[in-house]
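Undergrad: What follows is the residue order along each chain.
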Amino acid sequence: MSAPAGITRVSLLKDLRLEWRSKDAINSMLFFSLLVVVVFSFSFDPSAEESRQIAGGLIWVAFLFAAVVALNQTWAREIRNQVLDAYRVSPAPANSLFMAKTLGNFIFVSVLEALMTPLFIVFYRLRALGPAWQLLLAAVLGTWALVVNGTFFAAMSLRTRSREIMLPLLLFPISIPALLAMVQSTTAILNGEGARFWIVLLVTYDLVFTTVCLILFETVLNAE
Amino acid sequence: MKRVFPILGVLTAILLSYALYQALVVAPTERTMGDVQRIFYYHVPSAWTAFILFFINFGASVFYLIKRRPAADIVALVTAEVGVVFCTVVLVTGPIWARPVWGIWWTWDMRLTSTLVLWLIYVSYLFLRRFSSSGETPLLAASLAVLGALCVPFVYFSIWFFRTQHPQPVMGGGGSIDPRMLHVLLINWLAFSCFAFLVCWSRYRLEKLQRDVDHAHALESLLAPRGSVR
Amino acid sequence: MNKIYYLFAAYAVTWIIHITYLWTIVHRYARLKREIEELKKPGV
Numbered sequence: 001m002s003a004p005a006g007i008t009r010v011s012l013l014k015d016l017r018l019e020w021r022s023k024d025a026i027n028s029m030l031f032f033s034l035l036v037v038v039v040f041s042f043s044f045d046p047s048a049e050e051s052r053q054i055a056g057g058l059i060w061v062a063f064l065f066a067a068v069v070a071l072n073q074t075w076a077r078e079i080r081n082q083v084l085d086a087y088r089v090s091p092a093p094a095n096s097l098f099m100a101k102t103l104g105n106f107i108f109v110s111v112l113e114a115l116m117t118p119l120f121i122v123f124y125r126l127r128a129l130g131p132a133w134q135l136l137l138a139a140v141l142g143t144w145a146l147v148v149n150g151t152f153f154a155a156m157s158l159r160t161r162s163r164e165i166m167l168p169l170l171l172f173p174i175s176i177p178a179l180l181a182m183v184q185s186t187t188a189i190l191n192g193e194g195a196r197f198w199i200v201l202l203v204t205y206d207l208v209f210t211t212v213c214l215i216l217f218e219t220v221l222n223a224e
Numbered sequence: 001m002k003r004v005f006p007i008l009g010v011l012t013a014i015l016l017s018y019a020l021y022q023a024l025v026v027a028p029t030e031r032t033m034g035d036v037q038r039i040f041y042y043h044v045p046s047a048w049t050a051f052i053l054f055f056i057n058f059g060a061s062v063f064y065l066i067k068r069r070p071a072a073d074i075v076a077l078v079t080a081e082v083g084v085v086f087c088t089v090v091l092v093t094g095p096i097w098a099r100p101v102w103g104i105w106w107t108w109d110m111r112l113t114s115t116l117v118l119w120l121i122y123v124s125y126l127f128l129r130r131f132s133s134s135g136e137t138p139l140l141a142a143s144l145a146v147l148g149a150l151c152v153p154f155v156y157f158s159i160w161f162f163r164t165q166h167p168q169p170v171m172g173g174g175g176s177i178d179p180r181m182l183h184v185l186l187i188n189w190l191a192f193s194c195f196a197f198l199v200c201w202s203r204y205r206l207e208k209l210q211r212d213v214d215h216a217h218a219l220e221s222l223l224a225p226r227g228s229v230r
Numbered sequence: 001m002n003k004i005y006y007l008f009a010a011y012a013v014t015w016i017i018h019i020t021y022l023w024t025i026v027h028r029y030a031r032l033k034r035e036i037e038e039l040k041k042p043g044v
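Chains as they are written, first to last, in our numbering: chain A, 1 to 224; chain B, 1 to 230; chain C, 1 to 44.
Quick caveat, the hints were computed from the structure, so don't treat them as lab data.
Cβ atoms here follow ideal geometry from the backbone N, Cα and C, with glycine treated the same way.
Heads up, some of the hints might be wrong.
Claimed, not checked - The list that follows gives simulated cross-link-like pairs (lysine-lysine, DSS-like), each with its CA atoms no further than 30 Å apart:
| # | chain 1 | residue 1 | chain 2 | residue 2 |
| --- | --- | --- | --- | --- |
| 1 | B | LYS2 | C | LYS41 |
| 2 | B | LYS2 | B | LYS67 |
| 3 | B | LYS2 | C | LYS40 |
To be verified - Calculated from the model, a selection of chain B residues having no Cβ within reach of chain C, i.e. all distances over 12 Å:
| # | residue |
| --- | --- |
| 4 | LEU11 |
| 5 | PHE55 |
| 6 | PHE127 |
| 7 | GLY135 |
| 8 | THR164 |
| 9 | PRO167 |
| 10 | LEU182 |
| 11 | LEU190 |
Bound conformation, chain A alone:
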């Protein structure tokens, strides 16, 4: 296995192991997911017919907020133990670290989504009328879009005042095309249509932004 990929794997496994041992974040995220779905159910009446139309949007807004909460503490552990400085002076390439963080966040947010989705389905009595595999594909691509940009902006926010508010401030505008794609594809599939255009858009978006974030991460990490 090549060195950068090896570093990514090691970093990722370390994060996952730490997460699994502490179970801090996972427990709070579990409860947060449930809270979000319940609050949404009170705000947007699940029994109304309109809810089926907007369910796509509701789910993704819920995922977005959960992702922001998860992303905000992406680098918290590193900051606490001055690990970032160690990374900067080590010969390990910056993008390996970025990939590891992004993959870790992706797994994390996916777990959250997997927990929230059944709740949404149950509370809102959702049924996929269209091709369901496209739903899964859209979810994976959409989550990756949020996570890759989110991890990058989380690293950027480290260097700013008001760190926690800076992340959504930077993430939301740039994610709008991806968000639109996620919501529209979910709504389309729930209502029995295909979502090919949106999925192609998401694939392109993911490719472009993953590449650029990988290229620019070294600059952000070493910005002095």
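Keeping the supplied structure of chain A fixed, place chains B and C upon it in accordance with the hints.
TA: Leaving out everything else, chains B and C in the frame of chain A:
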């Protein structure tokens, strides 16, 4: 150099007045919308100017990432700020136009929505510049500018498709434009471009001066001998 | 006839926005100039 600025200022003012006259008096009245349509001559040139400024911001940011010249960073900051100002004009004149014509203040039509997202992206850029500590700001801002600029085609594409699926009234009308109207439009665009250039130049001079003063302060506290040991 | 007010409102708002921005530039510039004069004063 210093004398050029006032001269250009006067010339631009004259050009703007001429363009205003063209827009209000010379341009033919539109058939369906009436005189209110003349907002078009301010709304559209502001949009085009904002796009050009954001494009320059992208170029300056890429240049900064490669060459690390402070002047490029200042150009990026200036074009983003002035671009946001022009973009604000677009977003305010749009609803003022929409209200008498369609009876609503806002429609999620393609152009307005895309402009709003553009505005959001560059306002977030300005927030990043304000909230980050001065050492790293140029690099972080330049990175964000690149991401933001790359996002723009996606914004347009996604909103275009969304709108073709859920059509809404299109503002500013599609279709071909009367050549006399096009003429007035271009005059206003030229005038606003000159105006934008001068505003950018002023902001550039201000920023340069600000940085020089900041350096002077930093130098002063470094060299100060009087018991300023921390 | 009522609609014509919207036209003037749009033009007015455009210039209000531009002039406000220009004013902030001029104001900051003047303040900086004053600060430079202060810095130049000997032995403060």
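Undergrad: Check the structure against each numbered hint from earlier and tell me which ones fail, lowest number first.
TA: The structure conflicts with no hint, since it agrees with every one listed earlier.
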